[in-house]
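Q: Those protein sequences? They're chains E and U, same order as listed.
Letter 1 of the first sequence, counting from 1, is numbered 1 in my numbering, and no numbers are missing.
Just remember that my numbering sits 114 ahead of the position in the second sequence, which is counted from 1.
There could be a bad hint or two in this list.
Quick look at which bits of chain E chain U covers, simulated, 3 or more residues with Cβ under 8 Å [unchecked claim]: (1) 43 to 55; (2) 100 to 113.
So, partial list: chain U residues that the calculated Cβ filter (under 10 Å) puts toward chain E [unchecked claim]: (3) Gly142; (4) Arg155; (5) Ile169; (6) Gln194; (7) Thr215; (8) Phe218.
Calculated lysine-lysine pairs in the DSBU-like style (CA-CA distance at most 30 Å, straight line) [said to hold, decoys possible]: (9) Lys1(E) to Lys182(U); (10) Lys1(E) to Lys192(U); (11) Lys138(U) to Lys42(E); (12) Lys42(E) to Lys192(U); (13) Lys182(U) to Lys42(E); (14) Lys68(E) to Lys192(U); (15) Lys192(U) to Lys106(E); (16) Lys182(U) to Lys192(U); (17) Lys1(E) to Lys42(E); (18) Lys106(E) to Lys42(E); (19) Lys182(U) to Lys138(U); (20) Lys68(E) to Lys1(E); (21) Lys106(E) to Lys182(U); (22) Lys68(E) to Lys106(E); (23) Lys1(E) to Lys106(E); (24) Lys138(U) to Lys192(U).
For the record, the hints were derived by calculation from the structure and aren't laboratory data.
Think of the CB as a built atom: it goes at the ideal place given N, C-alpha and C, for glycine as much as any other residue.
Here are the chains, one letter per residue:
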Amino acid sequence: KQEVTQIPAALSVPEGENLVLNCSFTDSAIYNLQWFRQDPGKGLTSLLLIQSSQREQTSGRLNASLDKSSGRSTLYIAASQPGDSATYLCAVRQSGGSNYKLTFGKGTLLTVNP
Amino acid sequence: DAGVIQSPRHEVTEMGQEVTLRCKPISGHNSLFWYRQTMMRGLELLIYFNNNVPIDDSGMPEDRFSAKMPNASFSTLKIQPSEPRDSAVYFCASSRGGAITEAFFGQGTRLTVV
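Chain E with its partners taken away, still in its complex shape (with noise of 0.2 Å):
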């Protein structure tokens, strides 16, 4: 059974730092990674997909690599800005059969403080 898990659970830091949030999964066998934000009370909002193929992925200050042998994938935020504050979750797509579901960690809650 997949697990994935996200460290740290919860992150404060000050504006404009660069930080990593980390997360692994115990079965290698992905299709692909999302990574996701969510605000309080709000659904998720999809940020980056990494492919099982992909080593990293960026869109504007973010950047989230994969290292699929290994069950990592890290998500780099640069110069962090309040605006950055949410809940950021990371979701394993398995692969094998036609079964296709997201396997998701439990979140790290991020706070940037101005």
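With chain E's structure known, arrange chain U on it following the hints.
A: Chain U alone, transformed into the frame defined by chain E:
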């Protein structure tokens, strides 16, 4: 595109009542997921449909829960009878199909059973 649309946004009901949550996936998407989010357990997959057919319902808690997808543009999740422990945020998500595509989430339905 309006994105994944869920209704209602909030639902408060008394224990024992029937609750029906609704979801309209993004047009052209043929995979649909129902998730439940709680503080304790995070995001849990309840059921996954592909081309309107349930592929994985192993996350449906018990017989009180049922889900249908009568056509490509509509799905329901029904709880009957509802219990206080069903209180959670229920999310619907869709993707274009296949393993490599991005999943998009609705805004969720916050269910409170009193």
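Q: Evaluate each hint against the coordinates.
A: These are the hints, each one checked on the structure:
no. : hint                   : in the structure
1   : 43 to 55               : holds (count 6)
2   : 100 to 113             : holds (count 8)
3   : Gly142                 : violated (16 Å)
4   : Arg155                 : holds (8 Å)
5   : Ile169                 : holds (6 Å)
6   : Gln194                 : violated (24 Å)
7   : Thr215                 : holds (8 Å)
8   : Phe218                 : holds (6 Å)
9   : Lys1(E) to Lys182(U)   : holds (26 Å)
10  : Lys1(E) to Lys192(U)   : holds (27 Å)
11  : Lys138(U) to Lys42(E)  : holds (17 Å)
12  : Lys42(E) to Lys192(U)  : holds (22 Å)
13  : Lys182(U) to Lys42(E)  : holds (24 Å)
14  : Lys68(E) to Lys192(U)  : violated (37 Å)
15  : Lys192(U) to Lys106(E) : holds (25 Å)
16  : Lys182(U) to Lys192(U) : holds (8 Å)
17  : Lys1(E) to Lys42(E)    : holds (28 Å)
18  : Lys106(E) to Lys42(E)  : holds (16 Å)
19  : Lys182(U) to Lys138(U) : holds (12 Å)
20  : Lys68(E) to Lys1(E)    : holds (16 Å)
21  : Lys106(E) to Lys182(U) : holds (27 Å)
22  : Lys68(E) to Lys106(E)  : holds (20 Å)
23  : Lys1(E) to Lys106(E)   : holds (16 Å)
24  : Lys138(U) to Lys192(U) : holds (15 Å)
In summary, the numbered hints that this structure violates are 3, 6, 14.
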